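Undergrad: Letter by letter, the chains look like this.
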Amino acid sequence: MIELYNLTRHFGELTAVDDVSITIPKGQICGYLGPNGAGKTTTVKMLTGMLPPSAGTAAICDFDIIKNPMEVKRRIGYVPESGALYKSLTAFEYLYFVGRLYHMSEEMIRKRIKQFIEFFSLSKYTHKRMHEFSKGMKQKVVISAALIHNPQVLFMDEPLTGLDANSALMIKQLLRNLTREGKTIFYCSHILEVVENLCDRVIIISEGKIVADGSVDKLKSMTQRSSLEGVFSRLTHSEDMGELAKALSRSITDEDEE
Amino acid sequence: MDNKGVNRTGIDWMQLKTLFLTSLKIELRENQGIGRKYKRKLSPLLSSLIFYAGMGLILATNLATKTNPFMYSMLILAYSMVMSGFSVILEFGNSILNPDDWDVLTFRPINSRTYFLAKLSNLLFYIILITTAMCLLPALIGTTVQGNNLLFPLIFMPVCYCAGTATAAFIVLMYTFLLKKINYQKFKDIIAYFQIGFSIFFFLFYQIIPRLGNEIFIRGEKSLQAWLYLIPPAWFSGIVQMVQARAAGIDVHLGLIGICVTILFITFAFNKISLQYAGLIANISTAVPSDKNKNPGADRKNIFIDFFRSFLKDPEKTAGFDLTTAMCRKDRSVKMGIYPLLGIPVAFLVLAIFENEFKDPFIHGLFQGQGLTMFIIFIFMMMYSLTMLMKYSNDWEASWIFHLAPIESPGTFYQGVKYAVFIQYVMPFFLLLGIIYAVFIPILHVLHFLISLLIFCLFFSAIVSFQINSYPFSEKRQKGERMRRFSFIIFVGPVFGLYALLYTYIFKTFSYWVIGQIGIIMIWKFIENLSVKKINKNLNTVHAI
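Heads up: the sequence lines are chains A and B, in that order.
The first sequence lines up with residues 1 to 258 when you count with my numbering.
The second sequence lines up with residues 1001 to 1545 when you count with my numbering.
Because the hints were derived from the structure by calculation, they are not lab data.
Mixed in with the good hints, there may be bad ones.
The calculated DSS-like cross-link candidates involving lysine-lysine, where the alpha carbons are at most 27 Å apart (straight line), are [claimed, not checked]: (1) A:K246 with A:K26; (2) B:K1017 with A:K138; (3) B:K1025 with A:K67; (4) A:K26 with A:K220; (5) A:K138 with B:K1025; (6) A:K128 with B:K1181.
In this text, all values refer to a predicted model and were calculated from it rather than measured experimentally.
Kindly produce the complete structure, drawing on both the sequences and the hints.
TA: Set out below in structure tokens:
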């Protein structure tokens, strides 16, 4: 369903994504982890057609992202990390606008909007402009906009940002159900606990290269760590973080006392 | 989820309609203002339109009895094209190359041509609005010009729309051409300077056209007629004469040039640019600075600015000063907002040089000619306009820091902002004026003149400070806002009369001059203190964002 062939992206002299090759089958939810600046968002942006690759290519639902970008875009949904949306519009107007871009019928758009609004308990806010919304409410609208056209593949970059515990739980349940119905989900996050609970497979990327790929259990046994957090620290060379934090806090306190 | 909306030209009409209507809805809502403080005011766009209509009316009534039909159309078209061009540079041109909606739209199945056309339609909507405001009253008044008939408005208005469209298309083509040739980061650096060039070009042209028209049509200098081929408003005026079936000779040639240029620009924009547009925007949003441009202005030391900064003792004043100088140097959105304004005084200065207006103001009086008078008015007004423009930035959301930081006196903080504007943008113009004057008059007179101008400028800036009601770089830019400031500049020109009056009575002898300067400095300090209190009151009551 998602196939990456030696996908590479340079920004000037920096190689953000370096020769990445992955295949994610239909119905799988794949966690994509990495430290800040590892190349997660760049990978997603290339797969969603927002960034052209410098080398290599990828295929989504058997359509090449370079040769058939429109066919790819018709089949994907995306929750961007920025949570960008048009805040001057109401939630209804925004979702209607997105639906029209996918040539959905008016009747179908209204039906789907109603379903999402009810699912996310946004009924009271449907016709309010979104600049009045909290971060979590906006995120619910962004997720609805990613799903409204019933995409076959979902790219989610930190989708739970700003959501309360109940909403996060509902979304996780929704994602599990969607994969059961055959959707493929590419899930980028820093929240390791969520990835551990939710994903069938975890890919860890560091400095643009894949450093681990497998199920959570496989990665734990490979690195001899008991948690995904431990696996992550080990593979991304960040095990001495505790010492560094201690040193900084001591330095700040000492300077202030002086 | 099919291709049914896409026709042979590659345009998806359903998406085009959705994108266009939504963009208008968003912009008009933002223009109405989100917060409480805007609701009592006219929207920036509406007040700009009212100003355009007023200027059009004044211009048309002034020209109707003095010109022939060709010159009347040409001058109104010149006004309309200059103002459309300037507003595209100042407000709307950036929107066509703005990657703001990148995160929302790029991963949707919208093809390049549809996306470009949606952006272009949005731009043309504003051009039609502006052109209607500027040209509708002149079109009606034009029926009274000897030689025009009652059908004149029906012919003139479509030509005005074509002229506005061609002007906008010209600027968009120039921008996109530049973008194709150079990296966006470099583009953003040079576009700010390019905008100064554009505004000089437009305003100089606007000054030259009436003079040329006067020579050709009023004084009958037929030898100058060939120059009309270089003047776009003359081409479009030629079309008006052709459609009125009154054209002969040069009018027909000019009209044909106008038709060809409009068709060429639109075809070129549609065929060439539209296909590459999505790629162009992709390059914009993903461009990374080259090593040289990674931190613009970081290693540049400005001795001039550092020298003035050393006089600021108050930490809040210094903080305002430092923030403003840094933002003006590094934030390209701020640069692109203010640089077009810098071209206007330069245009008038060039005109003053051409018209030989540099005579000793202490002997020949202050009003030497239009160019120099307008130059002086504009550097005063620039002080006002730039100070007010400092409240806008693309990073406006970061302004929460002002509400969190323990700023005791926002008025003092804003003094630092004003001084930074004064030293960075206004002082260089005074120096430029001084250098040119020094060629023509004794250096001592130049110094006296410049010092009096500087002191009055500070006095003027203290007066305009009463209008400040938000922290610097704390508001999102709204369409029409900059043109509204620009309109205000033109309307408050009479304040300059106060300076002229002082100049006439006080600066006759050296002792009078010294007493006069001391007097103005004292009044300035008094008003400045009042304005600080007023800003403190305004900003301490602003609710947190």
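Undergrad: Please go over all the hints and tell whether each is borne out by the structure.
TA: Here is how each hint holds up against the structure:
1. Of the pairs offered as hints, the one joining K246 of chain A and K26 of chain A is violated, with about 45 Å between alpha carbons and a cut-off of 27 Å exceeded.
2. Straight-line distance between C-alpha atoms of K1017 of chain B and K138 of chain A comes to about 25 Å, which keeps the hinted pair within the 27 Å bound.
3. This hinted pair does not check out: K1025 of chain B and K67 of chain A have alpha carbons roughly 34 Å apart, beyond 27 Å.
4. For the given pair, K26 of chain A sits about 25 Å from K220 of chain A by alpha-carbon distance, which is consistent with the 27 Å threshold.
5. Distance check on the hinted pair: K138 of chain A and K1025 of chain B sit about 19 Å apart at the alpha-carbon level, within 27 Å; holds.
6. Note on K128 of chain A and K1181 of chain B: the hinted pairing is violated, with a Cα-Cα distance of about 44 Å set against a maximum of 27 Å.
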